[in-house]
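*Asks:* Take a look at the letters that make up each chain.
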Amino acid sequence: GAVVSQHPSRVICKSGTSVKIECRSLDFQATTMFWYRQFPKQSLMLMATSNEGSKATYEQGVEKDKFLINHASLTLSTLTVTSAHPEDSSFYICSASPVGPGNEQFFGPGTRLTVL
Amino acid sequence: AQKVTQAQTEISVVEKEDVTLDCVYETRDTTYYLFWYKQPPSGELVFLIRRNSFDEQNEISGRYSWNFQKSTSSFNFTITASQVVDSAVYFCALSGQGGSEKLVFGKGTKLTVNP
Numbered sequence: 001g002a003v004v005s006q007h008p009s010r011v012i013c014k015s016g017t018s019v020k021i022e023c024r025s026l027d028f029q030a031t032t033m034f035w036y037r038q039f040p041k042q043s044l045m046l047m048a049t050s051n052e053g054s055k056a057t058y059e060q061g062v063e064k065d066k067f068l069i070n071h072a073s074l075t076l077s078t079l080t081v082t083s084a085h086p087e088d089s090s091f092y093i094c095s096a097s098p099v100g101p102g103n104e105q106f107f108g109p110g111t112r113l114t115v116l
Numbered sequence: 001a002q003k004v005t006q007a008q009t010e011i012s013v014v015e016k017e018d019v020t021l022d023c024v025y026e027t028r029d030t031t032y033y034l035f036w037y038k039q040p041p042s043g044e045l046v047f048l049i050r051r052n053s054f055d056e057q058n059e060i061s062g063r064y065s066w067n068f069q070k071s072t073s074s075f076n077f078t079i080t081a082s083q084v085v086d087s088a089v090y091f092c093a094l095s096g097q098g099g100s101e102k103l104v105f106g107k108g109t110k111l112t113v114n115p
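Those sequence lines, one after another, are chains A and B. First residue of the first sequence? That's 1 in the numbering used here, and the numbers climb one at a time after it. First residue of the second sequence? That's 1 in the numbering used here, and the numbers climb one at a time after it.
Chain A extracted, bound-state conformation:
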């Protein structure tokens, strides 16, 4: 089956630093990748839709200047949390959809970010 990886799986950083999270589709090409955020004991909320070669589409209330998304290739999307603060601590999950209509999304294992 299709595999999506995320790196790192867990990161702890100091307040004010920037953190980059990578999402890779390992055995398929994905024109679209999605970034979700999940706070403790809550549901997954879509942050942005990332399309290869174009600017990401952000959901309402998500700061595009704080959460930088780059989808430079058909197998890699990155999310950079800039100037992270404790309230950004969360579980970040990406998903990727293979090229072609009607395909399902495949989720990465998630990245747990803790900002001290």
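In short, the hints are calculated from the structure, not lab data. Be careful, since some hints might not be right.
[Claimed, not checked] PhoX-like, lysine-lysine: derived pairs with alpha carbons at most 20 Å apart:
1. Lys41/A / Lys38/B
2. Lys3/B / Lys41/A
3. Lys64/A / Lys102/B
4. Lys41/A / Lys110/B
In this text the structure is predicted, and so the values were computed from the model without any measurement.
Got chain A sorted already, so can you dock chain B onto it with the hints?
*Replies:* Positioned in the frame of chain A, the structure of chain B alone reads:
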């Protein structure tokens, strides 16, 4: 706007009991997809099923079964003879046409199966 409601926040059962997790959705799309995911404590989402809006046939996979009823906009999930390993948070989700669009998740139901 799309919306998914999982009214049951937490359910606790004893092993071998059957349990049904409810999911009610709202959408204006005529073509849409419904999903169920399992999220164990590790956090990784485990895909369980995808169903498109034109396929109302119920599905059974081992101890899992799903009941899709468009008339009531529901897509309920039943685990038969529950096991401790079934303990997890279960999410119902909805996407628009194509199935590869963004997912709208319900708030999840935490299932605890006690030995």
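*Asks:* Compare the structure with each hint and give your call.
*Replies:* Hints, verified against the model:
With a CA separation close to 14 Å, the supplied pair Lys41/A and Lys38/B stays within the 20 Å bound. Proximity of Lys3/B to Lys41/A is assessed by CA-CA distance (about 19 Å); at most 20 Å being required, the pair is judged to hold. The straight-line distance between the Cα atoms of Lys64/A and Lys102/B is roughly 18 Å, inside the 20 Å bound, and the hint therefore holds. For a cut-off of 20 Å, the pair hint linking Lys41/A to Lys110/B stands: about 9 Å separates their Cα positions.
In the structure shown, no violation is registered for any of the earlier numbered hints.
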